[in-house]
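Student: In case you want the letters, here they are:
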Amino acid sequence: MGVDDQVTPTEALLARRQLEQLLIERGRAADAKDADAIVTLHVPGSRDTHGIFDGTIEEFAEYLRQNHYSNGRYGTQRHTISNAVIEFDGPLRARVESYHLAYHRLVLDGQNFDVQIGGRYFDVCEKQTGKWLIAERSVIYDWSRSWPVDPRTPDDERAGHR
Amino acid sequence: MSINEGTRLDEPVGEHEVLAELLAKQQITEVLYQRARAADRRDVDLALRCYHPGATEDHEGFTGSAADFIRNVSMISPDSTAPVQGLWHFISNVLIDLHGDQAEVESYHIALVERRGDDGDVQSWIGGRYLDTMAHLDGRWAIMHRTVVFDWSRSDPASTPYWELVGLDESKLLRGRFGDDDPLYTQTPVTRG
Numbered sequence: 001m002g003v004d005d006q007v008t009p010t011e012a013l014l015a016r017r018q019l020e021q022l023l024i025e026r027g028r029a030a031d032a033k034d035a036d037a038i039v040t041l042h043v044p045g046s047r048d049t050h051g052i053f054d055g056t057i058e059e060f061a062e063y064l065r066q067n068h069y070s071n072g073r074y075g076t077q078r079h080t081i082s083n084a085v086i087e088f089d090g091p092l093r094a095r096v097e098s099y100h101l102a103y104h105r106l107v108l109d110g111q112n113f114d115v116q117i118g119g120r121y122f123d124v125c126e127k128q129t130g131k132w133l134i135a136e137r138s139v140i141y142d143w144s145r146s147w148p149v150d151p152r153t154p155d156d157e158r159a160g161h162r
Numbered sequence: 001m002s003i004n005e006g007t008r009l010d011e012p013v014g015e016h017e018v019l020a021e022l023l024a025k026q027q028i029t030e031v032l033y034q035r036a037r038a039a040d041r042r043d044v045d046l047a048l049r050c051y052h053p054g055a056t057e058d059h060e061g062f063t064g065s066a067a068d069f070i071r072n073v074s075m076i077s078p079d080s081t082a083p084v085q086g087l088w089h090f091i092s093n094v095l096i097d098l099h100g101d102q103a104e105v106e107s108y109h110i111a112l113v114e115r116r117g118d119d120g121d122v123q124s125w126i127g128g129r130y131l132d133t134m135a136h137l138d139g140r141w142a143i144m145h146r147t148v149v150f151d152w153s154r155s156d157p158a159s160t161p162y163w164e165l166v167g168l169d170e171s172k173l174l175r176g177r178f179g180d181d182d183p184l185y186t187q188t189p190v191t192r193g
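The listed protein sequences correspond, in order, to chains A and B. Quick note on numbering: the working numbering labels position 138 of the first sequence as 138, and the sequence is numbered without any gaps. Quick note on numbering: the working numbering labels position 100 of the second sequence as 100, and the sequence is numbered without any gaps.
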């Protein structure tokens, strides 16, 4: 385990920073509900699996466009990322486990919910033409909880529908 | 003590020194993440590797050998009978005060303990900090002493999860596991221990 012999400590240091930035950019693209931006962060045609969805990243982006990003029941979402453990298979390939704490607002039959999901991403990342991209992503669901939102909550509209 | 001691921007610093400091801070941060993974995957060997031999731990009333804590007292001990279904440690706010081959490290965590209760499943949240003394010995950074600080906690009965609210079939999701059957080892070629 650890840094492959082919990767110098300095290269690995820079690559880890770039990989962490990639994970954060990926979270931001999801939070902006920008399916096009999501695709640019993955290797074209690469696999994205949540178990229940398992296909190419282009198929997943289309699934998001048709469902989560156009259905009024999905409100604000925010992904906070941490705990990136990175192992290199060479200077151009890395396996990355990261944690995320996700917030979702759901609007269901007039009842709003604040929802949290704690999970992890397992990514195989590859450096192609100078840029790190996700070459395979598995999304793991560790836990979840929810609260019905009291409609009297101050400023609730601000969190609601984006 | 300034956290930026040794790297004041108005003083010229050799490139080698800067790289050495960055590398040390990276490796120290990875120890924190590996220790979290060890707990969350119930991986005793990996947890032990995050410490140097003879390391000590001050943790929830326990004071003594870190290896003894991990093997015999903690929730990942093979002997533990605590009704724990899952652990989850989210690490952030890592501040490293580096002094050559030693470092004082403060980090924040939000931890979840999922357990079976008499009246159903319970999610217990703990917000706390690790105060670690780490050292670079035998070519690696690892913990010499860990003090775990508990800042806040709350417990809630399990509530409706996301997948149930939106009508997803939970059995088809990739669910995390508290052990060696986690997708970490089946989805990706990550070595345990």
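Source of the hints: derived by calculation from the structure; they are not laboratory data. Every value quoted in this text rests on a predicted model; they were computed, and no experiment measured them. Among the hints, a few may not be true.
Among chain A residues calculated to face chain B with C-beta under 10 Å, some are [said to hold, decoys possible]: (1) L13; (2) T49; (3) I52; (4) Y63; (5) Y69; (6) N83; (7) A102; (8) Q116; (9) G119; (10) D123; (11) R145; (12) D150.
Glycine included, every Cβ here is placed at the ideal spot set by N, Cα and C.
Student: Indicate, hint by hint, whether the structure satisfies it.
Tutor: Structure-based check of each hint:
no.	hint	result
1	L13	6 Å, holds
2	T49	7 Å, holds
3	I52	4 Å, holds
4	Y63	13 Å, violated
5	Y69	14 Å, violated
6	N83	5 Å, holds
7	A102	8 Å, holds
8	Q116	8 Å, holds
9	G119	7 Å, holds
10	D123	8 Å, holds
11	R145	5 Å, holds
12	D150	15 Å, violated
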